[in-house]
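Visitor: Respectively, the protein sequence lines represent chains U and X. Residue 485 in my numbering sits at position 495 of the first sequence; the count goes up by one each step and never skips. Residue 533 in my numbering sits at position 543 of the second sequence; the count goes up by one each step and never skips.
There's no promise every hint is true.
A pair holds if it fits inside one copy or across any two, identical chains being indistinguishable in the list.
Here are the simulated lysine-lysine pairs, BS3-like style, with alpha carbons at most 30 Å apart [what the hints assert, rightly or not]:
| id | residue 1 | residue 2 |
| --- | --- | --- |
| 1 | Lys331 | Lys493 |
| 2 | Lys485 | Lys579 |
| 3 | Lys644 | Lys226 |
| 4 | Lys485 | Lys302 |
| 5 | Lys226 | Lys693 |
| 6 | Lys651 | Lys707 |
| 7 | Lys693 | Lys617 |
Rather than coming from a laboratory, the hints here were simulated on the basis of the structure.
2 protein chains.
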Amino acid sequence: MNCLKRNLSAVRYRLAMILSICLTMNQSVMAQSENGTSLLPTLEDLIPGGSSYRFTQSLYGLQWWGDRCIKPETDSLFVVEPEKGKESLLFTRDAVNRALKAAQAPEVGNLEHALFPWPEKTQALFALTGMYAVYDWNAEEARVIRRFDKKAANTDCEPQRMNVAYTIGNNLYVNGRQVTDEPEGVVCGQPVHRNEFGICKGTFWSPKGNFLAFYRMDESMVAQYPLVDITARTGKTDLVRYPMAGMTSHEVTVGIYSPDTEKTVFLDTGDPTDRYFTNIAWAPDEKSLFLIEVNRDQNHARLCRYDVRTGKQTGVLYEETHEKYVEPQQPIRFLPWDESKFVCQSQRDGWNHLYLMDVDRPGEHTRLTRGEWVVQSIVGFDEKRKEIIITASKESPLQTNVYKVRVRDGRLTRLDNGEGVHTPSLSASGTYLTDRWSGPETPCKIGITATANGRQTSELFSAPDPFEGLVMPTVETGTLKAADGKTDLYWRMLKPRDFDPKKKYPVIVYVYGGPHAQMIVANHMYAARGWDLYMANKGYILFTLDNRGSQNRGLEFENCTFRHLGVEECKDQVCGVEFLKSLPYVDSKRIGVHGWSFGGHMTVALMLRYPEVFKAGVAGGPVIDWKYYEVMYGERYMDTPRQNPEGYRQCDLKQAAANLKGHLLIIHDDHDDTCVPQHTLSFIKACVDARTYPDLFIYPGHKHNVMGRDRVHLHEKITRYFEDYLK
Amino acid sequence: MNCLKRNLSAVRYRLAMILSICLTMNQSVMAQSENGTSLLPTLEDLIPGGSSYRFTQSLYGLQWWGDRCIKPETDSLFVVEPEKGKESLLFTRDAVNRALKAAQAPEVGNLEHALFPWPEKTQALFALTGMYAVYDWNAEEARVIRRFDKKAANTDCEPQRMNVAYTIGNNLYVNGRQVTDEPEGVVCGQPVHRNEFGICKGTFWSPKGNFLAFYRMDESMVAQYPLVDITARTGKTDLVRYPMAGMTSHEVTVGIYSPDTEKTVFLDTGDPTDRYFTNIAWAPDEKSLFLIEVNRDQNHARLCRYDVRTGKQTGVLYEETHEKYVEPQQPIRFLPWDESKFVCQSQRDGWNHLYLMDVDRPGEHTRLTRGEWVVQSIVGFDEKRKEIIITASKESPLQTNVYKVRVRDGRLTRLDNGEGVHTPSLSASGTYLTDRWSGPETPCKIGITATANGRQTSELFSAPDPFEGLVMPTVETGTLKAADGKTDLYWRMLKPRDFDPKKKYPVIVYVYGGPHAQMIVANHMYAARGWDLYMANKGYILFTLDNRGSQNRGLEFENCTFRHLGVEECKDQVCGVEFLKSLPYVDSKRIGVHGWSFGGHMTVALMLRYPEVFKAGVAGGPVIDWKYYEVMYGERYMDTPRQNPEGYRQCDLKQAAANLKGHLLIIHDDHDDTCVPQHTLSFIKACVDARTYPDLFIYPGHKHNVMGRDRVHLHEKITRYFEDYLK
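Required output: the full structure, derived from the provided sequences and hints.
Guide: Structure below.
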């Protein structure tokens, strides 16, 4: 990593990011005490934000200091020798705070946020409010090495020269100097294109820290959506520049700033109208910047090289087109041992794989991986052995395992136990990795693995069962055929602990169903959600199916939904219901459905398209009409309303408002700037016009999901609805 | 009437105006066919806006042409000789339309909007889009006499010289000429002070038509409340200048425009900050204009005279103060036979009565009426006999009857049958009146009465039972003691037609409870509402009580709520519940409550303050926190938040959000500019914080109540809630 990023600004929740909530919620365990003292968990136990939330312990802050592993605790910090696992105390919080105090810096509340960017130094880096401080544990001294404005957001520092970039309001600053001076409506140094195309930040330090590439987004021409803040003395409007499908979108340019000269060169990309500038990557020599440029139709991507000094384009290295859409989400990565070669990820053969390319041979590429599975991430490189460490779904579409790929011949070697979901982190030289993983019956285990041969050199941690002593439902998984009659779809089913196959149970289908997401993965309890566990304990069967259109199953699986988003997905979900109805213990008259965001869309769509199937539903933050959704995500799958009027009409749930028969509660947050409240309110109006009777609830002050303490209220609200109308 | 007003702009619904809905809804009848063919009425039958709404027939457009009565129908128009009731055809719609067509004017769809302002002419006046046309039925000719902009709103013409005043946007126009040229934020020619103090228009023609007095309101300093229009392509904000209690309010001035000179003189009232200019009245000689000026505290009113030519104040004729509040709602009226004398209405002795005053004797007055009843309106004058025709509640607080008051000695003579609720209209000379009335068992009857002796000279109309053949509940009324132990309160109870005293019935209390309103009056079925009838048919007992604080019972009855609005009112409602519980056929475990606006406040307040009493409630457009309500109405009863912090806290329902136990549905309209959505949404937030669980529904596009076709949806929604949680 060539930069340390600490995003202090509020995270923009994206459709797909909702999943992170689900995944967080899944850190629960199946184990329970079978004696009479078992307790039913409450929502406070099971929902993040709950006062007694049972999170799965992990080693927060675990990281590499060169090839040595750093294992922080709140008050003490240890260094672990990877080969033998020997732990030694490096320093205590007391010592750090004494030194910080002497340096007139604020104290730290724990050591889990300490950073170790310098393998050659006995120094830890602390990001504090408005400053960076360094603590030298040999000298027992601290020093403030960079101060900046306390209002700074999107802070991004690089450890070579300790340059700090950040934003105040809509402008970019570096090391206390204002880099841009733009009026309202132009945003610099922040993520653009509404965080699509893998974009999650707006500043990109060059490898040696001499330049900062940054995004500049002119959105002054974009319509503003009003969100009303009812906590003001007189309600006031928070305006969000929100380009809706088919409408005028923002224009993005990329600047390169030099802290030495204090000058900015903007890339000469030509007219930025209706273009996406994605996946910024630096050449190792800092002479070139690489972008993947995508047209508004999103069916043509070009990997372009720009001269850092002049901003001129110096080549197009690779192009990809697709009749539906292309979706580059990963920047290119240069080989550490050969600065002329880089690795590019592409779904060109229908599965995300690695291709080796040469900056001097535009248009040529060498395949590195192949097969009906997807590369999920590049973890890093083993420079000595000339190998790439990756994660991939090769063992099973539900799994994420660690592999190394030999660049010479593409030889693939698995580096982990072949189970579950792994999130590895590589040491500086690539010799070791921390292997943090979870499996259906494993809350969390962490060890250190030698990348030479996949041997686990030491065990660091095994999380205790967070639900020890609580009654937990059982979890089953399996597959069934999709509506196309051939594709296998994975399902997950939760049954009450005291399940009796002679009884008839009501079922709640929890659904997401959209792209960029997978509900059933082989981590702890197969990613069963806290609320799902709660409801199973209450006597419901909870069922989830990853329909076509979801993640990790290849391009064709995902893009069969093109131009009629939600339709195939619903058909598959109904296949799931048919399966449920075939089970003797399922009460087919009491089937409910619940989902949020894309899953909210699915919930409403299923209630309207299959009114005889679903008795009750709860939809959160639903997309109702794709023309009210934003340009980048919406047009990728739906094209524009002008290009695809039939598709937009077919997928506009207002058109089917008259079909509503069952009980449908729609929940929306009044500050939802991802899926604006217009969706739900326009659907309510359509139902009033059609004389149908949905229910509605609004959470004031929340964005695209209800987070924090109120998340417990939300799930109690959802629970009551099903208890009223499904039980 | 010296002016003809046709307000083309959307009516601003006021808290109290909600009642007009209730009253409209009451035009139903108790009669039913007792044979087996009786049908249960549907909401479409009972709710205004319903496709088969059973409205009570009346003679729409009935009016006076001098001392002859005009009785229009859709296609023919008759003149009625008042003494003998003889009807003759005056003209047909065909004849009018032929003439209009010849005059190149648009045709009319009915004759019910024809006007007859000229007793001496054989001419009818038609207000058409962008023009006034006159039809002479002798000549069978039509003529356009005034054209103006088709975008004109608030059109106000006077028949002497046929001057037409109107507004376009925020500016005032007269006869095609622009009178004011104000920027956004300054409104001319429209009602001010949010329609309080009896203000319902913004232009006032002088008696002879030589001058136009008009309101100018500078509200540029008032905070804007954002209402979001979700029907726009990208949701957009409709901003409403809404001064909330304690905050900066608008500033009003009064201009006088002369169409002859095209000049405007503004009254020199001094600094308009925190002052109310109400009840504009012209002197008969057009030399003076009278205003009743009220301070922001609303405890001091002054009747001021201004010189029309100079705008200077020329006298203060009367002052009134009260430790709680004064509330002048009626302009002074000059005696037609003595231009130096006028009649003023005042509650100074605790009941609204008439006082005779002399422009030359400031501070002096002669009482004209007295007693523990209220004058409800001045209908007009009998110039010959020097009598004032009024309506008053003398027979019963539930009734409105017609009287004449002899100015010489205050002798009071009733002119009607002493029953029910009468809405008279006086002929030009005051010799006759049309007496339209309704009684508990009388949907609507209309006759002509001679004011000399109260003799009915002719019967014009008796409405058929609009609910003929439908099953109708029974209606009972009575009194009980208020929470003060001494005041009689009136109640109304509806029982199912098949009521069985041995059964236990659930009860729904329908409540309004605020000032300016009375739910139980002696018109048809004692003003039972359509939805109440519907629910009684479904097996509920519907109960309504006019608590202290409501209208027509005198000042002390109304102002006992001062500085703690809603508290005494709730206590009285609970007295009603105690009475209900004493009835053997009431199921005291199934008591619900429903109300809108002030009644919405009452509903929420009752649910929170008496959580053990009410099992379910539906509140519409509720006031939740008086500090979010507007200055004029709010501060009259509550003073400012700074003056009365304890009262505001006591009446802020958010403070009691944790008390919610029963099922409470709150309904709000997203374009409610009377009681802004901040009330309901802030309450929802308070409940989320307090972990209580109200339900919510929003009607997009509606203002302070759901009107038109959607009103049926609203009442089905309310019905379902009680069916789910109270039955």
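Visitor: Which hint numbers does the structure go against, in order from smallest to largest?
Guide: 1 and 4
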